[in-house]
Amino acid sequence: MIKRMVYTQHVDITSVLIGSIVDIGDVYRAAPSSKVLAVQKEGLQFKGDIYDFEDFPIFSQESSPPLQPIQMDSFHYQNRPIEVDYVRVVGVSTAAVFQIGGIDHIDAINYTKHFRLLREEEQ
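Using our numbering, the letters of the sequence shown correspond one by one to residues 1 to 123.
Simulated from the structure, these hints should not be mistaken for lab results.
Warning: the hint list may mix true and false statements.
Derived lysine-lysine pairs resembling DSSO-like cross-links, with alpha carbons at most 27 angstroms apart [stated by the list, open to error]: (1) K47 - K35; (2) K113 - K47; (3) K113 - K3; (4) K35 - K113.
Computed Cβ-Cβ distance ranges for the label pairs, DEER-style [said to hold, decoys possible]: (5) Y7 - A38: 50 to 60 angstroms; (6) N79 - P57: 44 to 54 angstroms; (7) Y51 - K3: 36 to 46 angstroms.
Glycine included, C-beta positions come from ideal geometry on N, C-alpha and C.
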């Protein structure tokens, strides 16, 4: 991969969370990953650290095999720099990639288990 210079006037990113990546420039490979256990509980009290990833089968599943690469018509400028005036990003989250530049391979994976605990179900 040819490495190019990147010139940016202004990049405004509010938040980058949970295994995400911000790249400026050309990159050969990015592999963001995350495991998220999100519990929404009704009521005032919440006890932390009472759940483990091992308690939920989704976190031990193998990911599906990668899809075949696709061919796309694209423009490329061998030795020209990348020039960006202004970019505003509100959020990049959960194994995502925000990039100004080129990339050869992306291997992103996310496992998320989200559930609610309602008062009537606890009894």
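Verification of the hints:
1. K47 - K35: holds (20 angstroms)
2. K113 - K47: The hint holds at about 18 angstroms.
3. K113 - K3: violated (39 angstroms)
4. K35 - K113: The given pair, whose Cα atoms are some 8 angstroms apart, holds under the 27 angstroms limit.
5. Y7 - A38: 50 to 60 angstroms: For Y7 and A38 the Cβ distance comes to about 39 angstroms; the hint is violated.
6. N79 - P57: 44 to 54 angstroms: At roughly 50 angstroms between Cβ atoms, P57 and N79 fall inside 44 to 54 angstroms, so the hint holds.
7. Y51 - K3: 36 to 46 angstroms: Distance hint for Y51, K3 holds at roughly 44 angstroms.
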